[in-house]
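All chains, full assembly: derive it from the sequences and hints.
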Amino acid sequence: DILLKKAESLIARKMYYEAVVELESVPLLNNNVSCFEKSLKMLEEIDQSIRLEAKTKMEQSEHNLEWLAD
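So the number in my numbering is just where the residue sits in the sequence shown, counting from 1, plus 6.
Heads up, some of the hints might be wrong.
[Claimed, not checked] Listed next, the in silico EDC-like pairs over lysine to aspartate or glutamate satisfying Cα-Cα at most 20 Å (straight line):
| # | residue 1 | residue 2 |
| --- | --- | --- |
| 1 | LYS63 | GLU24 |
| 2 | LYS63 | GLU50 |
| 3 | LYS20 | ASP53 |
| 4 | LYS63 | ASP7 |
| 5 | LYS20 | GLU51 |
| 6 | LYS20 | GLU59 |
| 7 | LYS63 | GLU43 |
| 8 | LYS11 | GLU43 |
| 9 | LYS61 | GLU51 |
| 10 | LYS12 | GLU30 |
| 11 | LYS47 | GLU24 |
| 12 | LYS12 | GLU51 |
| 13 | LYS61 | GLU24 |
| 14 | LYS11 | GLU51 |
| 15 | LYS11 | GLU65 |
| 16 | LYS47 | GLU30 |
| 17 | LYS61 | GLU14 |
| 18 | LYS12 | GLU43 |
Because the hints were derived from the structure by calculation, they are not lab data.
As structure tokens, this is what we get:
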């Protein structure tokens, strides 16, 4: 629910890329199916071109996993 509230705030501020990143990070777990479904509905409210651009940027960005070695 915290991720959804953060995404709602980002959408209200027209920070769609950041909202997509937050909503895409909502995991589908047995105990949070409704949260996952809400995130999908919120994603649908964001223009498809913005969603596709955000997903492309997320896939192309390099992930810094050095902290895992610590």
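Exercise for review: Please work out if LYS11 and GLU43 have their alpha carbons no farther apart than 20 Å.
Suggested key: Holds - the C-alpha atoms of GLU43 and LYS11 are around 14 Å apart, at most 20 Å.
Review point. Hey, LYS20 versus GLU51, does the alpha-carbon distance stay inside 20 Å?
Key: Holds. LYS20 to GLU51 sits at ~12 Å (cutoff 20 Å).
Check your understanding: Has the given pair, LYS20 with ASP53, been kept, meaning a C-alpha gap of at most 20 Å?
Key -> The hint holds at about 11 Å.
Point to revise | Restraint check for LYS63 with GLU24, where alpha carbons must lie at most 20 Å apart | key: holds, 11 Å
Check your understanding: Would the pair LYS11 and GLU51 pass a check requiring their Cα atoms to be no farther apart than 20 Å?
Key -> holds, 15 Å
Check your understanding: When you check the alpha-carbon spacing of LYS63 and GLU50, does it fall within 20 Å?
Key -> Since the Cα atoms of LYS63 and GLU50 sit roughly 18 Å apart, the hinted pair holds (cutoff 20 Å).
Practice item. For the pair we were handed, LYS12 and GLU51, check the Cα-Cα distance against 20 Å. Key: Answer holds: LYS12 to GLU51 is near 15 Å, not above 20 Å.
Practice item. Would you check the hint for LYS47 and GLU24, treating anything up to 20 Å between C-alpha atoms as holding? Key: Given that 20 Å is the threshold and the Cα spacing comes to 16 Å, the pair holds.
Check your understanding: Within 20 Å, alpha carbon to alpha carbon, are LYS20 and GLU59?
Key -> holds, 15 Å
Point to revise | Hint consistency between LYS11 and GLU65 [alpha-carbon to alpha-carbon, up to 20 Å] | key: The given pair, whose Cα atoms are some 24 Å apart, is violated under the 20 Å limit.
Practice item. For the pair supplied as a hint, LYS12 and GLU30, confirm whether the alpha-carbon distance does not exceed 20 Å. Key: holds, 12 Å
Review point. For the pair supplied as a hint, LYS61 and GLU51, is the alpha-carbon distance within the 20 Å limit?
Key: Measuring from Cα to Cα gives roughly 15 Å; hence the hint holds.
Hint compliance for this structure: hints 4, 7 and 15 are broken, all remaining hints hold.
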